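*Asks:* Which chain is which? The protein sequence lines are D, Z, S and Y, in order. Here the first sequence stands for residues 1 to 473, numbered as in the numbering used here. Here the second sequence stands for residues 1001 to 1473, numbered as in the numbering used here. Here the third sequence stands for residues 2001 to 2473, numbered as in the numbering used here. Here the fourth sequence stands for residues 3001 to 3473, numbered as in the numbering used here.
Certain hints may be false.
Said to hold, decoys possible - Where chain D lies over chain Z, by a calculated footprint (3+ residues, C-beta under 8 Å):
#1 1027-1035
#2 1057-1071
#3 1200-1212
#4 1289-1299
#5 1338-1346
Said to hold, decoys possible - Only pairs whose alpha carbons sit at most 27 Å apart, straight line, appear in this in silico DSSO-like list of lysine-lysine:
#6 K1370/Z / K214/D
#7 K3214/Y / K2378/S
#8 K1214/Z / K370/D
As the list claims (entries may be wrong) - Partner residues aside, some chain Z positions facing chain S, computed with beta carbon under 8 Å:
#9 F1134
#10 L1164
#11 I1265
These aren't lab readings, by the way, just hints derived from the structure by calculation. Remember, it's a predicted structure, so these values are computed and weren't measured experimentally. Using N, Cα and C, we set each Cβ at its ideal position, and we do this for glycine too.
Spelled out from the first residue to the last, the chains are:
4 protein chains.
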Amino acid sequence: MSSPFDEDKPRDGCGVFGIYGHPDAAYLTYLGLYALQHRGQESAGIVTSDRENFHWHLGMGLVVNVFDEEMLSKLEGDIAIGHNRYSTAGSSSLQNAQPLVRHIAGELVAIAHNGNLVNAPYLRRELENKGAIFISTSDTEIIAHLIARSGQLYFEDRVVDALLQLRGAYSLLIMTRNMMLAARDPWGFRPLWMGRLGEAVVFASETCAFDVIKATPEREVQPGELIIVTPNEIKTFQFAKEKHAFCIFEYIYLSRPDSIVFGEIVNGPRRRFGMQLAREHPADADIVIPVPDSANISALGYSQESGIPFEFGLYRNQYVGRTFIQPVQTAREKMVNIKLNPIRNVVEGKRVVVVDDSIMRGTNCRRIVKMLRRGGAKEVHFRVSSPPNKFPCFYGIDTPTRQELIASSHTVEEIRRYIGADSLGYLSIEGMLSCVKNPDEFCTACFDGRYPVEFTDQTLQQLSIEFTRGRKR
Amino acid sequence: MSSPFDEDKPRDGCGVFGIYGHPDAAYLTYLGLYALQHRGQESAGIVTSDRENFHWHLGMGLVVNVFDEEMLSKLEGDIAIGHNRYSTAGSSSLQNAQPLVRHIAGELVAIAHNGNLVNAPYLRRELENKGAIFISTSDTEIIAHLIARSGQLYFEDRVVDALLQLRGAYSLLIMTRNMMLAARDPWGFRPLWMGRLGEAVVFASETCAFDVIKATPEREVQPGELIIVTPNEIKTFQFAKEKHAFCIFEYIYLSRPDSIVFGEIVNGPRRRFGMQLAREHPADADIVIPVPDSANISALGYSQESGIPFEFGLYRNQYVGRTFIQPVQTAREKMVNIKLNPIRNVVEGKRVVVVDDSIMRGTNCRRIVKMLRRGGAKEVHFRVSSPPNKFPCFYGIDTPTRQELIASSHTVEEIRRYIGADSLGYLSIEGMLSCVKNPDEFCTACFDGRYPVEFTDQTLQQLSIEFTRGRKR
Amino acid sequence: MSSPFDEDKPRDGCGVFGIYGHPDAAYLTYLGLYALQHRGQESAGIVTSDRENFHWHLGMGLVVNVFDEEMLSKLEGDIAIGHNRYSTAGSSSLQNAQPLVRHIAGELVAIAHNGNLVNAPYLRRELENKGAIFISTSDTEIIAHLIARSGQLYFEDRVVDALLQLRGAYSLLIMTRNMMLAARDPWGFRPLWMGRLGEAVVFASETCAFDVIKATPEREVQPGELIIVTPNEIKTFQFAKEKHAFCIFEYIYLSRPDSIVFGEIVNGPRRRFGMQLAREHPADADIVIPVPDSANISALGYSQESGIPFEFGLYRNQYVGRTFIQPVQTAREKMVNIKLNPIRNVVEGKRVVVVDDSIMRGTNCRRIVKMLRRGGAKEVHFRVSSPPNKFPCFYGIDTPTRQELIASSHTVEEIRRYIGADSLGYLSIEGMLSCVKNPDEFCTACFDGRYPVEFTDQTLQQLSIEFTRGRKR
Amino acid sequence: MSSPFDEDKPRDGCGVFGIYGHPDAAYLTYLGLYALQHRGQESAGIVTSDRENFHWHLGMGLVVNVFDEEMLSKLEGDIAIGHNRYSTAGSSSLQNAQPLVRHIAGELVAIAHNGNLVNAPYLRRELENKGAIFISTSDTEIIAHLIARSGQLYFEDRVVDALLQLRGAYSLLIMTRNMMLAARDPWGFRPLWMGRLGEAVVFASETCAFDVIKATPEREVQPGELIIVTPNEIKTFQFAKEKHAFCIFEYIYLSRPDSIVFGEIVNGPRRRFGMQLAREHPADADIVIPVPDSANISALGYSQESGIPFEFGLYRNQYVGRTFIQPVQTAREKMVNIKLNPIRNVVEGKRVVVVDDSIMRGTNCRRIVKMLRRGGAKEVHFRVSSPPNKFPCFYGIDTPTRQELIASSHTVEEIRRYIGADSLGYLSIEGMLSCVKNPDEFCTACFDGRYPVEFTDQTLQQLSIEFTRGRKR
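All chains should be built: construct the whole structure from the sequences, respecting the hints.
*Replies:* Structural data, given as structure tokens:
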């Protein structure tokens, strides 16, 4: 449940959708991408195969704005993959929009990728040294080159060759004229599901994309698994095995509450985070309100566990677009009230518990506290349904840098003072993990710095250097 | 709290905003319209006056899409009015976008109008007979003609002349090179507020537009009042007096819950509708869920009064745009799940009370009930936080025709059967009125057919005939 | 033969086209406007009637850019009028694009107008005083108001009523749901033709628009004639009679050489101007070259009469668009060589006669002379195939103001010195008139100031004041 | 002098422009491309280097439509290359627009290419086998891959490595952050010039691009020469030597008459072709007219040599755009009169010699003959200022296939009968060559099939197969 364009929120790393063997492939992909819109609002793209040629359309913006009826009607064929992008790496331009389409070894290939490779700078430099040419700054292009340069004869073997060189997070859909391949990294950072719609096979980042087309979820693509759909059969390979490292942020913020992710409907752990938060950080207060809409469910959990009544105390304007015009001379801080407004007769004279899902820079929370006080709140008790965010993510969530993460250099008390709340409580790491099944299968690097896939400092540096070159206007 | 593009919801009749005497007039109007976006998503427009010339830009779509920084920067001047439109009368095209700009008697005039005139067909025919030329099909053009043809010398007297001929709902902002006039019909159907931002005078349909620019609400423009802001003074006239007829639908659905409308923060009556509904139609159930987001507050009221726990059982996709592509061959009924999806672990095995704000055609409710059953709900008890909608509105809310309103020809039991709920309960008219201050000052025509401003059958017929001619491509 | 976007050329005053009773009315109008593109490149519009409704599309720019296949296909009906505009009066914006569409006295009316009314300011003020509202600044809107306010019962009588109040130049096409009316001012300033395409009746500013659709020219609409095409008959009225005043500039520059205008193929008088020029201003020279393409024919005439060989000495780039980006800091003078370039091996070492059709400000000629000298010309003898342009046109050609017309305040010798030519010769008024049939039926006001339709100084002043108010962005 | 969108004309193969070391690099490139517009109207692009980053903008359409002021202002830097494209190979889409920008071996590289490689299919297959990935279908991408894969250390050596593998026509501009390289194939098929603008170095396909920016032409880049402009010096290498094979079609049709190409102002040979044609195929006729505008000069030559008066007998509408809407049900033949129209009083009753520059399919000539007869011509003698076009070009001019070239399978008499002329005369190959300097340095393959650079049949077949895959919508 992503609230778009909150500069204080972690950004997400893309949604992917694929369908194999359905006459309405393009339209169903359109619906699927629409359901996955919360995973990326920067660009959208669909590529179809009519078994001879590819047809595609990519554009900047929301799915509903990128496509119109005429365009969709031209995307012929019964195989399709689609992609919603929020830039994790690579500058923000049509150049980097996905799916990527390339001629590889005499074959047409399209790739849609959700995740982030930690060895991308290394792989890119190696490839460049061997004469590979790059157009975009996206990781996906690296994957294409690795496939192209594999010595293997069969396309699926080329893909395995490539996958074995990747380190980091990836949930991939690869399409050729006749095949679709779905792969998930051995750690399983990002979700990827397989389902059925009659005879057709479908893949999606989250099951909500199946609901919208009335497809049946079948199972998650397993970490380290490659599924190959051909005209005749569906094959599966376990190409690698690692200790699982599911991204806990999918539960905290990223995935839709109605999706099944990592074996559970997201609403479950998300609400339990709120309940556990109430146990860890109770408050002597009159009402519990969420920062809408991303904290609705955890706030409700807090209310249910604490017995403090749930209320809607902040109204969120739903019409924010990509291009809201900022006043020239004004700092960010002044801007929050274009989106949120206190409902005065709810908060006035009340001791308010306000629940948010996470704190990145802290500026947004500060504005919310101010806004509630201006609305008449007697006390403001800030509660966060995740632990302090101290470390950046390198596996596909576009968090601020370490310097910008307020919790990386400030104590909880210092943060409380900065945001101006009467009290501040974060969920503990242990508490958080107690709310999920198989807690040791989750990645908590953004809280504790224990990165499950290593990288060197040099790599890190290059992560930022490489990607600032050659911006397209 | 309007959910855009629900074909089963009443549509709204525009939002207006004006500011007099501020160097950033255009930008503040942009912010004001953004806050009023829920009142109309079809077109948006801003006209400014630099005291010599007018500058304007109008376009189809949301405020954030219609304007960009360059455009705003060209809208010079310290006086501005703006308009968000949802078509109540007149076909949907740029032709009908507002504010209307005209040369009248050697003066430049811009008009922004929220409401609907019941004597528009009569006035239009009369004017045409006298040689008036019409371009659009909007009521606003009629008002412009009446002003132009008044024999009065002073502009404000011309306006009063015109207003005295209008019957029906109007909240008007009129701008000349040097003046701004704000008028509200004598019945007070639609809201209109006046506020201050430093030295500047501001007007808006709802106070939420003042919050976003940090202006101070001062008072409602009174029914039958004309306020005239000139370079030297602010004058006010009471040009007519009628028994008040405030639109109760502003409380049920149309206004934002954080706005002050008709003397009260909307959240107040809206929640009380839910509470009263719980008293009138209790249910033996496990959870109460809203049809998000428009019924959030009344559902919470129902939960609080009944003691049945409040839950989020339906997820609403927030990225619906104006141009969602419908599958060619599919009926409306199939489409609901692009926007709503049940959260299975909330509703599964539960006896669910689902609260909606109103029922127009019933198709949407029917889909919601089906969806909840598919999501595993054991029982579905539908509750509506307003009385049965039996009569169309002629005062500025774009309801379906009488034939299309399911409650006009069906009993509650028949409707229950149609939508497939286990039980169905509507709020009573008396119950509804018991939740508002000064209940006899409200219009309840859409429930009981007691139209406070009369019109002839002939007029009615022409309402539909006149407005279907001359569609622009 | 208009060369678009020559800032030193007179601009033209629009082209009109109409067709009554053909299933492909919109497409044929598109072709007709395309053939008349040289008469106006600012905006284009088509309105069709399907006998019940109007359908229209208007846009800024060239016909080929304004319309696409989808749009044309929506313009249903067997009656259509179209318009190419270059702004003679009224600011340049979509607001002023034609044909104008209005609801008049319960009827839908579309008007396309070529010309300029000298009593427009007076009529407009009168109408405003009587309560008429204006949107655009175009004369055409005045005509619409006069029709609307006529007391006559029948539409054609209303039109006659209106026409009798107009003074100045107009070639008009008026369309209702069922009728088409064509009218030409009693002086006959601008051309207007009637033709046949099978059963269909067609009208156009020039016959070249008939050629492109293979229609047969029938006759000119007579000065002071109103032709009315109804479902049953074609009627004609002579509503007024004045001494004819055909615009000689149609022969000099504006009309296409392949069109029949004022009873003759334009190529005829245009070439004779060049021949007469050779007789009046011979030159001792090696070659004759035109300023391409508008002076091609008169230069050829000069060559044929003088015996000096005709050559192409200047290359004209044909790809100039409406939006050529000018270097920020550079004067106009520097810009000419984006369009013209000397062909060095033609002019080098030669004594060159260069023929242009007219001189307005002189800046363009000055650049051409420089360019030819830079290209190696030994001598440059400038010849102009029309007399010195001393007076502005008020009948539909957008000439510079009197102050800007170099010939209004400078002798021929002064102009020669300014443009830097070795000699300069203009065609004499008598010489010019000796080249046309019925010379006393032509208007030569731009050369001798004898305006055939009078206007007051006050009117003149208002011509410029009125039209600068209320610019749309 | 290219007339755009004549389906019966050979198409051209792109224009290139480059400038090194000028603060207004982008704007001057814009002017240069504008002057070279006749070489390609499908897409236009400019890439600049600010010595650290590249900035670019590419778009479909004419230069004046692709760029606006804001865009140009963002193209920072003092080095730039630009490209006008007409597709010789590769489907028509933005994908194939040039200049191409790539990351190659850690360097940013932009390439603009005019020509066509006959060993492209072979090189592409080889590269694909070695793991190279292709996005577009253009030859230019092959060149980029060859540079990337060279084992050489220095960039210029990599370029030489690549050039030595190319066979066919290429005039190339290559830009890195700090360098510009200009190369021309050893046969010299296409022109390429070097010039100076103060300190800045400029390159362009034709010298007319220097005239527009007032740069001084210095010399042609020699066949087989690579010029390298670095911050410190200008170096030159002769990387290969072959017998010259200048494209004679540059003189016949492609280049502007005011450009210096292959050592001569194009106007010279072009006019001599007409004079020689008059000697080889005299006619007993009253007038000579050109098919405007491409045959203007040769027709004038014919007139001068034969003594038959030159006339303008066909008017050409200059406003044809890229998207002219064709009537759905009509064959091409019906369409010609949208562009050309006879000037009746010129041709009526006359024996007319009409001169065109070449005949491809013959359909256009057939329409012209018909049109002239309809215009009243007594006799029509068709003369062509080039020999019969029997063979397709593989060196960068987009001629029809052999099957479509009427002269490949028909005698002159058969063609005469097909086009319906009274007589038909083509220029002889010997006659043509007698009009140019160093006749043995020209390629005449399209007339005599003697291709100076060989290719296999298999290659030919692949030329068409490869390029039809993977069309973008």
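*Asks:* Decide, hint by hint, whether the structure agrees.
*Replies:* Hint check results:
Chain D is given as covering the stretch 1027-1035 of chain Z, and this holds because 5 residues of the stretch bring a CB closer than 8 Å to a CB of that chain, at least three being needed. Residue count for the stretch 1057-1071 of chain Z with a Cβ under 8 Å from a Cβ of chain D: 7. That meets the three needed, and the coverage hint holds. With 3 residues having a beta carbon nearer than 8 Å to a beta carbon of chain D, the stretch 1200-1212 of chain Z meets the requirement of three or more and the stated coverage holds. Counting residues of the stretch 1289-1299 of chain Z whose CB lies closer than 8 Å to any CB of chain D gives 3, so the stated coverage by that chain holds, three being the minimum.
A count of 7 residues in the stretch 1338-1346 of chain Z with a Cβ less than 8 Å from any Cβ of chain D is obtained; the coverage claim is therefore met, three being the minimum. With a C-alpha separation of about 13 Å, the suggested pair K1370/Z and K214/D falls inside the 27 Å cut-off, and the hint holds. Pair hint K3214/Y plus K2378/S holds up; C-alpha atoms about 21 Å apart against a cutoff of 27 Å. A C-alpha spacing of about 13 Å is found between K1214/Z and K370/D, which places the hinted pair at or below 27 Å, so the restraint holds.
Interface hint at F1134/Z: satisfied, since its Cβ lies 4 Å from the closest Cβ of chain S, which is below the 8 Å cut-off. Contact between L1164/Z and chain S, as hinted, is not supported at the beta carbon level, the nearest pair being about 16 Å apart and thus beyond 8 Å. Violation of the interface hint for I1265/Z is found here, the shortest Cβ-Cβ separation to chain S being roughly 38 Å, above the 8 Å cut-off.
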